[in-house]
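**Student:** Spelled out, the chains give:
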Amino acid sequence: MAQIRVGKPDVAPDTPSHIKGVRQGNQKGSHKHQVGHNEDDTADARRSTGVRPGKENPIMPIMPNLSPS
Amino acid sequence: MAIEQQERVTPKPGQLVEMSWDPITRIIGNLGIYTKIDFENQRVVECHSTSSLFRGYSVFMKGKDPRDAGFITSRICGICGDNHTTCSVYAQNMAYGIKTPKLAEWIMNLGEAAEYMFDHTLFQDNLVFVDFCEAMVKGTNPSVLSRAETTDAPNAAIHGKRTIADIMRAFNPFEGDIYKEALVVSRVTREMFCLMEGRHVHPSTVYPGGVGTMPSPTVFTDYLSRLMSVIDFVKKAVALNDDVFDFFYEALPGYEEVGRRRVLLGCWGAFQDPEVVDYRYETMNEWGKAMYVTPGIVVDGELITTNLVDINLGIRILLGSSYYDDWVNEKPFVTHDPLGNPVDMRHPWNQTTLPAPQKRDFEGNYSWVMSPRWLDPRTGEHLPLDTGGGAFARLYTTALAGLVDTPYVKSTGSSVQIHLPKGNSLPETTLEWRIPQWSNALERNRARVYFVAYAAAMAVYFIERALDRVRGGDTKVFQDFDVPEQAIGVGFHEAVRGVLSHHLVIEKGKIANYHPYPPTPWNGSPRDRFGTPGPYEDAVQDMPIFEENGPENFKGVDIMRAVRSFDPCLPCGVHMYLGKGRTLRKMHSPMFGGGHD
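Sequences listed follow chains A and B, in order.
Once you know that position 61 of the first sequence is 61 in UniProt numbering, the rest is easy, because the numbers rise by one and skip nothing.
Once you know that position 164 of the second sequence is 164 in UniProt numbering, the rest is easy, because the numbers rise by one and skip nothing.
Because the hints were derived from the structure by calculation, they are not lab data.
Careful, some of the hints might be misleading.
[Claimed, not checked] Using C-beta positions, here's what the derived DEER-type ranges look like:
no.	chain 1	residue 1	chain 2	residue 2	range
1	B	Leu-53	A	Pro-9	18 to 28 Å
2	B	Gly-472	A	Ile-19	35 to 45 Å
3	A	Ala-12	B	Thr-283	36 to 46 Å
4	A	Gln-34	B	Gly-160	51 to 61 Å
5	B	Pro-217	A	Val-51	14 to 24 Å
6	B	Asp-177	A	Glu-56	42 to 52 Å
7	B	Glu-282	A	Ala-12	31 to 41 Å
8	B	Pro-217	A	Lys-8	53 to 63 Å
9	A	Pro-9	B	Gly-97	27 to 37 Å
10	B	Leu-183	A	Val-22	38 to 48 Å
The C-beta atom is built at its ideal place from N, Cα and C for all residues, glycine as well.
All chains should be modelled from the sequences, with the hints used to inform the complete structure.
**Tutor:** Here it is as structure tokens:
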């Protein structure tokens with residue numbers, strides 16, 4: 001440590017970070033909780049809505065599935 | 001605004017007059033330039049650059065969750081914070097072993113391209129040109145202004161300004177039309193940035209593993225329509241800049257010596273190629289070379305290396321004139337890199353920051369900035385690399401390396417060709433930036449506007465690639481990952497004003513060591529322990545003075561042009577020591593404008 005006078009820290013350095021027991025969004029395997037996101041990196045209408053998503057998908061297979069945000 | 005005090009001092013022997021600008025920056029200022037000027041011979045004899053600000057990021061990052069690093073380090077800067085986020089994300093990607101989804105890489109590239117356009121435009125047209133505008137030139141070199149009144153602008157057909165003086169008037173702060181237009185452009189480019197990275201200047205949607213931007217077609221078309229609305233401004237800006245800088249060479253013979261130093265440039269590369277980058281240290285040379293701005297080190301006009309591993313291992317943080325204790329007796333964090341190469345104790349991975357506040361002493365320690373140097377493996381010299389304000393080094397290395405080859409930007413080995421699409425009023429245009437003869441103030445400034453064009457052209461390319469993926473149905477922008485217990489990482493990126501590296505060491509899942517090295521510590525570094533001056537000092541020392549004012553009403557515009565050409569950003573009073581037994585102290589917030597004084 002440097003030879004300078006400093007005060008006593010009153011906060012843990014990692015206070016704003018992760019709390020034990022809370023699921024982490026970046027954790028491996030989180031992908032499967034994201035409905036509508038497919039294995040092949042595409043997504044379908046289920047991502048945007050839970051109400052009859054099948055009806056919102058494109059009508060032809062050559063069309064990309066671009067669900068609204 | 002300005003407080004002036006006058007006090008009597010005993011006259012100094014000889015004709016040397018001390019002149020100092022502290023702060024010299026126009027945004028926030030902790031950068032001071034202290035010079036001794038020989039007015040008889042119109043030369044700067046000695047120069048010291050000093051910073052009065054201790055940041056301490058490397059101190060308080062310790063013990064934090066590494067995933068927070070991008071959000072915290074973003075706060076280092078209020079204008080290029082996103083460069084820090086991006087660089088931190090690159091470092092974390094390496095540490096966590098992430099290969100980012102391709103679409104996320106294009107989105108980050110698009111965000112960074114908008115940032116370069118925004119920041120360079122704002123700095124060039126609203127801050128640099130204050131030193132070249134009619135009001136300033138009238139006060140410092142009236143003969144140059146009268147000549148400008150009668151000199152036709154060669155590119156008048158593009159920008160519509162008949163004479164050079166007309167251009168200078170358009171740069172007048174708060175009044176000139178280019179000044180005002182630039183403000184609008186910097187607003188539009190910031191909107192482009194926000195579309196991609198969520199918020200300016202501290203991005204909310206950029207994190208390790210990818211981005212949180214929803215890749216809908218609208219996001220990209222909104223970006224593209226804004227880009228097309230400013231593309232003609234970019235073409236005009238290049239023409240305006242060329243006219244003004246060429247005129248300065250012509251009107252003031254010898255002006256190439258202003259801010260001139262040896263060609264010692266560093267560029268750490270920008271814009272990852274998603275097809276190549278995997279963020280592994282072992283393959284860093286390959287994905288470094290695939291970047292759309294080639295990393296590299298240029299010494300005396302020769303490209304020494306484009307290997308990021310060599311660049312990384314050669315970085316040394318020296319002390320010598322800085323307010324820190326040496327850390328050689330602290331424990332090293334990384335003794336060998338993942339390839340087995342030894343890592344020096346003075347490398348940022350092993351650095352421990354030990355602040356030791358003390359009085360400023362130009363014979364001893366005088367700055368909070370350390371002295372980053374690059375160890376040249378050929379000669380064993382510790383080179384004080386500069387970034388030339390960012391754009392200059394980026395264009396220089398990219399031009400020499402000859403690796404960038406896209407439909408919009410092409411490197412030829414001696415120049416960079418930039419193709420800009422048709423805009424509202426101007427046709428399709430090809431610009432070419434050629435490697436100039438010198439590394440001086442005017443060329444650094446000229447490169448900046450060319451890099452705006454470079455970023456705009458690359459952005460068009462990135463949009464096309466990103467939309468290709470979206471049309472193919474790929475909407476994946478995030479990759480899951482786990483934070484390892486132990487890891488090291490390094491991110492290499494280009495902040496707007498030059499090289500940016502983040503070195504990260506993780507132990508027990510927390511940050512054990514974190515050292516961001518932004519461009520200004522390289523440029524504004526003080527003398528190192530070998531006595532080598534930093535780039536600002538080097539560029540200003542022995543520089544000729546062209547200002548027509550004597551010591552009484554000296555503005556120091558040539559020195560300011562030299563230092564400001566580096567785009568200094570150390571986060572301000574001005575101390576001016578004048579001869580003849582008079583010390584004039586000025587303390588003010590350095591905003592030029594209004595009264596034109």
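**Student:** Take a look at whether the Cβ-Cβ distance between B:Leu-183 and A:Val-22 falls inside 38 to 48 Å.
**Tutor:** holds, 44 Å
**Student:** Determine whether the Cβ-Cβ distance between B:Glu-282 and A:Ala-12 falls within the hinted range of 31 to 41 Å.
**Tutor:** Roughly 35 Å apart at Cβ, these two residues keep to the hinted range, so it holds.
**Student:** B:Asp-177 and A:Glu-56, beta-carbon distance inside 42 to 52 Å?
**Tutor:** holds, 49 Å
**Student:** Taking the CB of B:Leu-53 and the CB of A:Pro-9, does the distance hold inside 18 to 28 Å?
**Tutor:** Since B:Leu-53 and A:Pro-9 have Cβ atoms about 22 Å apart, the given range 18 to 28 Å holds.
**Student:** May I ask you to test the hint 27 to 37 Å on the CB atoms belonging to A:Pro-9 and B:Gly-97?
**Tutor:** Holds: the Cβ-Cβ distance is about 32 Å, inside 27 to 37 Å.
**Student:** Is 53 to 63 Å respected by the C-beta to C-beta distance linking B:Pro-217 and A:Lys-8?
**Tutor:** Check passed, 55 Å falls within 53 to 63 Å.
**Student:** Starting from the range 35 to 45 Å, see whether the pair B:Gly-472 and A:Ile-19 falls in it by beta-carbon distance.
**Tutor:** holds, 39 Å
**Student:** Note whether the CB distance of A:Ala-12 and B:Thr-283 lies within 36 to 46 Å or breaks it.
**Tutor:** holds, 37 Å
**Student:** With 51 to 61 Å as the target window, see if A:Gln-34 and B:Gly-160 comply at their CB atoms.
**Tutor:** Cβ of A:Gln-34 to Cβ of B:Gly-160: about 53 Å, so the range 51 to 61 Å holds.
**Student:** Between B:Pro-217 and A:Val-51, does the C-beta distance stay in 14 to 24 Å?
**Tutor:** Holds, since B:Pro-217 and A:Val-51 (Cβ atoms, about 23 Å apart) stay within the stated range.
When each numbered hint is compared with the structure, no violation occurs for any of them.
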